[in-house]
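Taken in order, the sequence shown gives residues -9 to 471; the numbers are from the numbering used here.
There could be a bad hint or two in this list.
[As the list claims (entries may be wrong)] Computed Cβ-Cβ distance ranges for the label pairs, DEER-style:
id : residue 1 : residue 2 : range
1  : R43       : R268      : 49 to 55 angstroms
2  : A99       : G262      : 42 to 48 angstroms
3  : G47       : D405      : 22 to 28 angstroms
4  : P315      : D246      : 38 to 44 angstroms
5  : P302      : R222      : 30 to 36 angstroms
6  : D212      : G49       : 44 to 50 angstroms
7  : A114      : P302      : 49 to 55 angstroms
8  : E451      : D125      : 40 to 46 angstroms
9  : D85       : P129      : 17 to 23 angstroms
10 : T42       : A79       : 43 to 49 angstroms
11 : D246      : D401      : 42 to 48 angstroms
12 : P129      : G154      : 16 to 22 angstroms
13 : T42       : A99       : 55 to 61 angstroms
14 : R222      : P315      : 44 to 50 angstroms
[As the list claims (entries may be wrong)] Derived EDC-like pairs: lysine to aspartate or glutamate, alpha-carbon spacing no greater than 16 angstroms straight-line:
id : residue 1 : residue 2
15 : K341      : D109
16 : K403      : E451
17 : K341      : E115
18 : K341      : E110
Read the hints as simulated data drawn from the structure, not as lab findings. Even for Gly, the Cβ is constructed at its ideal location relative to N, Cα and C.
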Amino acid sequence: MHGRADADLIVVGRVLTGDPRCPAAEAIAVSAGRIVRVGETRDVLAERTGRTRVLGGPGTTVVPGFVDAHLHFLALLRRSREVDCSAGACATIDDLLARIADAAGDRPAGEWIRGFGYDEFFLAEGRHPNRGELDRAAPRNPVRLLHRTGHAAVLSSLAFAALGRATVADGLVHEPHDRLPPIVTGEPDDRDVADSAAAESSRLLRRGITTFHDPTADAPADSIDLLRRLVRGGSIRQRVRVFAGSIEEKAPGDDDAFFRQAGVKLVVPESGEPAGLRERAVQAANAGSRLAIHAVEPAAISVALDVLRSVPGRHRVEHASLCPPPLAAGLAEVGATVVTHPAFLFEFGDKYRSEVDADQWPWLYPLRSLLAAGVRLAFGSDAPIASPHPLANIRAAGERRTRAGVTIAADEKIDGTAALAAHTRGGASAGGDETLLGRIAPGFAADLAVLTGDPTECPAEEIGGIEIQATVIAGEVAWER
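Using the sequences and the accompanying hints, generate a full structural model.
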């Protein structure tokens, strides 16, 4: 930028811009929420006035704010109020039951206890907990224990009674979480949802996340309206991009730089193409909506690819977790972005190795192959399935190690530069924000993360030692260590 623009904020450090015209710099000047100068420290400091704040300094690395391109915020709110029974917290069923019992000891009789995240594969016993065990752990409280996938739950006897349902012997119900009654899912009360959202937004800020995309296909219109109100009211500090279940749920004229309905989420089940999927896709694409198509395994990815060949525009495929080379080539041909989750290799890789044929392991999150084919990548957490932690995703992309320390398809590792791009520039593009976010360049929004180290220079295994020092959104220091 030419000429002087008095800066509100100057950020100094090793600046990784994500801009191929100027990949690295020493400092950034910000005015009125936008970046106005990127360059050498001496030149940028010339923008300083008596009211300018200077952030960062020697040893810090400044990157564009992280974009979590796949996060379910309201589900994350629910999890923040529930008992963590995931593999990282519970190694055995006894561990899990002890957590349920502790929660029951703190609550009055009759109050629901909701646990989440267990997976029988990661429990030493190799089985689901059962109704009788939950009854003994919490004899005075109804209990709902949600499976990691969200597609099954174990209920206690009191939970079945509260629902007025016939009791299932082992307590296991195979029913998607979002189709269970609100008493089971535990929707936050209106009176405290704003406080819960503010606390969760703050946790995301501590991870350097300045934007997230919420692609919840079956979210009712009132959930989208709730997200909008939470952003408008300041409880959610991040920029939010929503992918709703249909174009009918879009409220016209209600988009801005902080909240936008960015597209339509469609789901391809593993059983094949559901009735009406192609028609909905064509309708949405012709109306100018970006499609986000959920497709995990080859059969579903093939359906998604056929759909994308029949619609105009540039769209995205969510997950593509098991993607062989011919499908990667097809995704490149249609200009699709794959929104993927490398941290799943750490969280669930040992289970993948037990369930996926060994000759297909190279197709698990094939990051290098997708990039080599010409597919754009955007990283997300799929929270609350995994923790929303961009640096964990970047580390996993370079390590590809499971919890047990086994490396899956080492040839599919990517370096820190490519992984950082997927969590910044790639995410911005996937949300339709390529001219606003994802780069540090004059005219772009001043959304930044200030780190204590450089994830593109250190070995992948050392990325875990990097911390977020500050997070900036629209030129405001939203969080600082």
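>> Against the 16 angstroms threshold, does the CA-CA distance of K341 and E110 hold or violate the hint?
In response: 10 angstroms, holds
> Given a hinted range of 16 to 22 angstroms, is it respected by the beta-carbon distance of P129 and G154?
Replying inline: At 20 angstroms between Cβs, range holds.
>> Quick check on a hinted range of 42 to 48 angstroms for D246 and D401, using CB atoms only.
In response: The hinted range 42 to 48 angstroms holds for D246 and D401, with Cβ atoms some 43 angstroms apart.
> In this structure, is the beta-carbon distance linking P302 and R222 contained in 30 to 36 angstroms?
Replying inline: 32 angstroms, holds
> Is it true that G47 and D405 lie within 22 to 28 angstroms of each other by Cβ?
Replying inline: 26 angstroms, holds
> At the C-beta level, are E451 and D125 separated by a distance inside 40 to 46 angstroms?
Replying inline: At roughly 44 angstroms between Cβ atoms, D125 and E451 fall inside 40 to 46 angstroms, so the hint holds.
>> Can you tell me whether the CB distance of P315 to D246 sits inside 38 to 44 angstroms?
In response: 41 angstroms, holds
> Has the given pair, K341 with E115, been kept, meaning a C-alpha gap of at most 16 angstroms?
Replying inline: 14 angstroms, holds
> Taking 16 angstroms as the top limit, are the C-alpha atoms of K403 and E451 close enough?
Replying inline: 13 angstroms, holds
> Is the distance from the Cβ of R43 to the Cβ of R268 consistent with 49 to 55 angstroms?
Replying inline: Because 53 angstroms falls inside the window, the suggested range holds.
> Per the hint of 55 to 61 angstroms, is the separation of the Cβ atoms of T42 and A99 within bounds?
Replying inline: 58 angstroms, holds
> Given a hinted range of 43 to 49 angstroms, is it respected by the beta-carbon distance of T42 and A79?
Replying inline: Between T42 and A79, where Cβ atoms are some 45 angstroms apart, the hint holds.
Figure legend: structure checked against the earlier numbered hints; every hint is met.
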